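Residue numbers (this note's numbering), protein chains in the order written: chain A, 1 to 125; chain B, 1 to 839.
FYI, nobody ran anything at the bench for these hints, they're computed from the structure.
Bear in mind the structure is a predicted one, so any value in this text is a computation, not a measurement.
Just so it is clear, CB atoms sit at the ideal spot from N, CA and C, and this is done for glycine as well.
Just so you know, not all the hints are guaranteed correct.
Stated by the list, open to error - If you only want the chain A side, here are some residues facing chain B, beta carbon under 10 Å, derived: (1) 16; (2) 23; (3) 24; (4) 38; (5) 75; (6) 102; (7) 103; (8) 104.
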Amino acid sequence: MEEILKQYKTTTLEQVTTWYEAAKVSDFPKDGGACIKYKGKQIAVFNFDRIGKWYACQNLCPHKMEMVLSRGMIGDDKGTPKVACPLHKKTFSLEDGTNLNGDIDAIATYPVKIEGDKVLVGFSN
Amino acid sequence: MKNIIVIGNGMVGYKFCEKLANHPNYKSFKLTVFGEEPRRAYDRVHLSEFYDGKTAEDLSMSSATWYNENNIDLHVSEMITEIDRTNKTVANHRGEKYSYDILVLATGSSAFVPPIDGVDKEGVFVYRTIEDLEATEAYAKKLKAAGKTEAAVLGGGLLGLEAANAVKNLGLNAHVVEFAPRLMPRQLDKGASDMLQSKIESLGLKVHLSKQTQFIQGSKAIEGLQYVDGTELKVDMLVVSAGIRPRDAVARECGLEIGTRGGIVVNQKMQTSDENIYAIGECALLNSMIYGLVAPGYDMAEVVVDQITGTNSTMPEYIDMSTQLKLIGTEVASFGDALNDAKEEVDEITYVNKRNGIYKKINVTKDGKKLLGGILVGDSSDYNSLFQIYSNGMKLPEEPEDLILGSRGGDGGGLLGDVMDLPDDAQICSCESVTKGQICSAIESGEANNLGDVVSCTKAGTGCGGCKPMVKDLVDATLKSLGKEVKDSVCEHFDHNRQELYDLIQVKGYHSFNEVLDKHGNGGHGCELCKPLIASLMATIHANTANIEYAIQDSNDRFLANIQRNGTYSVVPRVPGGEITPQQLIDLGEIGKKYDLYTKITGGVRIDFFGATLNQLPLIWKELIDKGFESGHAYGKSLRTVKSCVGSTWCRYGMDESVSFAIELENRYRGMRSPHKIKGGVSGCIRECAEARGKDFGLIAVDGGWNLYVGGNGGATPRHAELLAEQIDNETVIKYLDRYLMFYMRTAKPLQRTAAWQERLEGGMDYLKQVIIEDTLGIAGDLEKEMQTLVNKFECEWKQAIENPEMMKRFSHFVNSDEDDDNLVFVPLREQKMPEPWK
Numbered sequence: 001m002e003e004i005l006k007q008y009k010t011t012t013l014e015q016v017t018t019w020y021e022a023a024k025v026s027d028f029p030k031d032g033g034a035c036i037k038y039k040g041k042q043i044a045v046f047n048f049d050r051i052g053k054w055y056a057c058q059n060l061c062p063h064k065m066e067m068v069l070s071r072g073m074i075g076d077d078k079g080t081p082k083v084a085c086p087l088h089k090k091t092f093s094l095e096d097g098t099n100l101n102g103d104i105d106a107i108a109t110y111p112v113k114i115e116g117d118k119v120l121v122g123f124s125n
Numbered sequence: 001m002k003n004i005i006v007i008g009n010g011m012v013g014y015k016f017c018e019k020l021a022n023h024p025n026y027k028s029f030k031l032t033v034f035g036e037e038p039r040r041a042y043d044r045v046h047l048s049e050f051y052d053g054k055t056a057e058d059l060s061m062s063s064a065t066w067y068n069e070n071n072i073d074l075h076v077s078e079m080i081t082e083i084d085r086t087n088k089t090v091a092n093h094r095g096e097k098y099s100y101d102i103l104v105l106a107t108g109s110s111a112f113v114p115p116i117d118g119v120d121k122e123g124v125f126v127y128r129t130i131e132d133l134e135a136t137e138a139y140a141k142k143l144k145a146a147g148k149t150e151a152a153v154l155g156g157g158l159l160g161l162e163a164a165n166a167v168k169n170l171g172l173n174a175h176v177v178e179f180a181p182r183l184m185p186r187q188l189d190k191g192a193s194d195m196l197q198s199k200i201e202s203l204g205l206k207v208h209l210s211k212q213t214q215f216i217q218g219s220k221a222i223e224g225l226q227y228v229d230g231t232e233l234k235v236d237m238l239v240v241s242a243g244i245r246p247r248d249a250v251a252r253e254c255g256l257e258i259g260t261r262g263g264i265v266v267n268q269k270m271q272t273s274d275e276n277i278y279a280i281g282e283c284a285l286l287n288s289m290i291y292g293l294v295a296p297g298y299d300m301a302e303v304v305v306d307q308i309t310g311t312n313s314t315m316p317e318y319i320d321m322s323t324q325l326k327l328i329g330t331e332v333a334s335f336g337d338a339l340n341d342a343k344e345e346v347d348e349i350t351y352v353n354k355r356n357g358i359y360k361k362i363n364v365t366k367d368g369k370k371l372l373g374g375i376l377v378g379d380s381s382d383y384n385s386l387f388q389i390y391s392n393g394m395k396l397p398e399e400p401e402d403l404i405l406g407s408r409g410g411d412g413g414g415l416l417g418d419v420m421d422l423p424d425d426a427q428i429c430s431c432e433s434v435t436k437g438q439i440c441s442a443i444e445s446g447e448a449n450n451l452g453d454v455v456s457c458t459k460a461g462t463g464c465g466g467c468k469p470m471v472k473d474l475v476d477a478t479l480k481s482l483g484k485e486v487k488d489s490v491c492e493h494f495d496h497n498r499q500e501l502y503d504l505i506q507v508k509g510y511h512s513f514n515e516v517l518d519k520h521g522n523g524g525h526g527c528e529l530c531k532p533l534i535a536s537l538m539a540t541i542h543a544n545t546a547n548i549e550y551a552i553q554d555s556n557d558r559f560l561a562n563i564q565r566n567g568t569y570s571v572v573p574r575v576p577g578g579e580i581t582p583q584q585l586i587d588l589g590e591i592g593k594k595y596d597l598y599t600k601i602t603g604g605v606r607i608d609f610f611g612a613t614l615n616q617l618p619l620i621w622k623e624l625i626d627k628g629f630e631s632g633h634a635y636g637k638s639l640r641t642v643k644s645c646v647g648s649t650w651c652r653y654g655m656d657e658s659v660s661f662a663i664e665l666e667n668r669y670r671g672m673r674s675p676h677k678i679k680g681g682v683s684g685c686i687r688e689c690a691e692a693r694g695k696d697f698g699l700i701a702v703d704g705g706w707n708l709y710v711g712g713n714g715g716a717t718p719r720h721a722e723l724l725a726e727q728i729d730n731e732t733v734i735k736y737l738d739r740y741l742m743f744y745m746r747t748a749k750p751l752q753r754t755a756a757w758q759e760r761l762e763g764g765m766d767y768l769k770q771v772i773i774e775d776t777l778g779i780a781g782d783l784e785k786e787m788q789t790l791v792n793k794f795e796c797e798w799k800q801a802i803e804n805p806e807m808m809k810r811f812s813h814f815v816n817s818d819e820d821d822d823n824l825v826f827v828p829l830r831e832q833k834m835p836e837p838w839k
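Between the sequences and the hints, there should be enough to build the whole structure, so can you do that?
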């Protein structure tokens, strides 16, 4: 499990070396998410349509190490965009990955960009 | 700057300082206080707690630094022995002089020691100060060391009983000796005294009534009491608590007017015969009376503060002596004219319960319109309400005995009805003289926002604490009236509660979450609390399935399945009433085997498959639907099962067809979204094999129809369902259930089961019956119509999903791959499998 967790490292816009073309915009629900697979990694991608932003983070919830975050509900916690894990409603900031309602380790986040109807997720290797 | 000198630092003297120091004009006074005891003022009312381990510091009225902080010059262990009214000075025992502009005498009282021969013997104590208690304690230790154990308390009044309790706490056998034929003769009648006596005797104290002591036996130390009637009581110690005497010596010597039996005479302004000298507390003779309770003393302190700061308030000519206290573990209260001292024509209503040690008496005018007074022993929980009814002259119930017996109609309402009906000047806290108006305005002005704030800014409830429940009720009711009630808004994104959102969506006809959020939200973007709630409301109001706007559905509703520990799902088809054919069992078995699903019978007696991946869910459901099954809504906040016993078709005891009816009900209410899950049960006879009374709704077949129970729950807080209607036919059951469930769906809080909802319903079961059966709100027709719409528009949401390619898109683990989650690990469990346990 620790091994799995190690695969996920927050990637900033500056660190991006590869923009992976993951799927089409229409593959994602508005104000919701879906999971993509990239080189053995599972990445949750969220279309936060209300605020016109896209977010990506690891699909793995660090609380119980299950691949479920893409199935969580998104929203905001006093203005911070967040995702709530469907298993135990642990919430994480979509901006920096921090756990907003507890002290679980932060999740890794990734940049997303939209080109036409394509959704691209940025990775650093 | 005016010099104010206070002689005496007891409770009332302290209260005077506190009230003056809090006055806006305090800056124009210089306050000097003389106390003869070595410590600053302490709570004498709770003196017996000193033997329970409380220290003098615990009992202190203020912190050690309080006088300093408030610029008060406090002199302890200093006795004022002389007042020079001409030069307006006082002098202490060392002859040091202090000038005053205004002098306040708060010298209090001393224990009255009757002139009985031998009261000066060793082992005779009074009960007044901490020093008295320390001396008594030291002597008690000596006695016990010498194997002596008997101690008497002279006086069976309020203080005497307190003293007896203290003596008992010292480990001695306490005897209460009272001259009168009953205990607390000034507050209690014979019946109340008898009840109190048996209560305290059961705790090991002995009571000796109608005993006049002639002299105290013993040579050097006390050995016993010799009564006038010739009998005697052998004791090793005596605590005298036979009443109080005002301490008026220093006032008497300077020529102030003194009552014939002592006490410094004051007018309604609490002024003595010298206009620059006031007297307050137990040293003052007001209305020709010495008031030995702390509450009137505090009022006097307030009047003097008003007088010297320029407000002309006065003491009333009649002062209420109502009291509520706990004596030796027994609640005792008396209020108003408890003993009918006015000798009016009254109706006495008495309730005596020797088994529980409860005695209640009220005096009511002959016309039954007014409460004049009363006594409560053993249970004084109604004291606050009764006192308010008495002191505000409020209307009595039609049967005045309801005041002490409770309404036997079982409406469960309080005696007073609504606390907000009390007049603004109703005194709620008599220790601190806080009125209802003061409590409510503290909140209305914004000074206080909760009970804690109210207590600290009004001091209500800080004395004896007896008024606290009423203060809380007032705080809650005031907050509620301001719309500030303990906010039950659904989350940070809305200032509305569930019921308000329900109404808004229904009235405005909103069909999307964003519409509701944009129109009625706080500017945020929703969260895992408000999204599924609004999804559920829209499903109920518009008779929708959970397939609409799936991204706002709760985790389980989004995928129409219960997410399990490893992120896989369970699959539960509906088996109405638990009736299933062998062929259906075979079909289920085949499907479970094909997808290698862990299989179990659920708590709701149907079949549950576990371990289905997101990708497998639609495949499995397609097969189930092809075999004639439909969604069991095991994942939804909706009807789960209606459990049934086999009923009269097979059972030799059955009174009715429980299975047939359970199937009908389960099919009627399937799919509808509610605040929380709903379970039903139908039993064919009172043996109750379906455990119907543990369900949200339950039916039991009886002679002549069904008994309908509602609001039951298993779970963490088990609760039996309560009877809503008896011996009703199938049609009436459905009518009432439609109304009940719809009323619950409209008004409950988010995730509130029927049991909790029903428990908190104002007016309780009676109200519920009025709404559901008698239709007092006139909404029964609407409720039935709304339910019928839900019933008519039912659609299996799994069938809906698998037939719609757009809806099917969500059932894949990846959007860019058809693969399943490759992290899933299963381990063997008996003949089946389970997820790898969490680390």
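How the hints compare with the structure:
1. Taken as an interface hint, residue 16/A does not check out: its beta carbon lies about 18 Å from the nearest beta carbon of chain B, beyond 10 Å.
2. Hint status for residue 23/A relative to chain B: holds, with the closest Cβ pair at about 5 Å, below 10 Å.
3. Restraint check, residue 24/A versus chain B: the minimum CB separation of about 8 Å is within 10 Å; hint holds.
4. Among the interface hints, the one on residue 38/A holds; its C-beta lies about 8 Å from the nearest C-beta in chain B, closer than the 10 Å criterion.
5. About 3 Å separates the beta-carbon of residue 75/A from the nearest beta-carbon of chain B, less than 10 Å, and the hint is met.
6. Evaluation of the residue 102/A hint against chain B yields a violated restraint, the C-beta minimum of about 14 Å exceeding 10 Å.
7. At its closest, the beta carbon of residue 103/A sits 18 Å from a beta carbon of chain B; the interface hint therefore is violated under the 10 Å criterion.
8. Checking residue 104/A against chain B: minimum C-beta separation of about 14 Å lies over 10 Å; hint violated.
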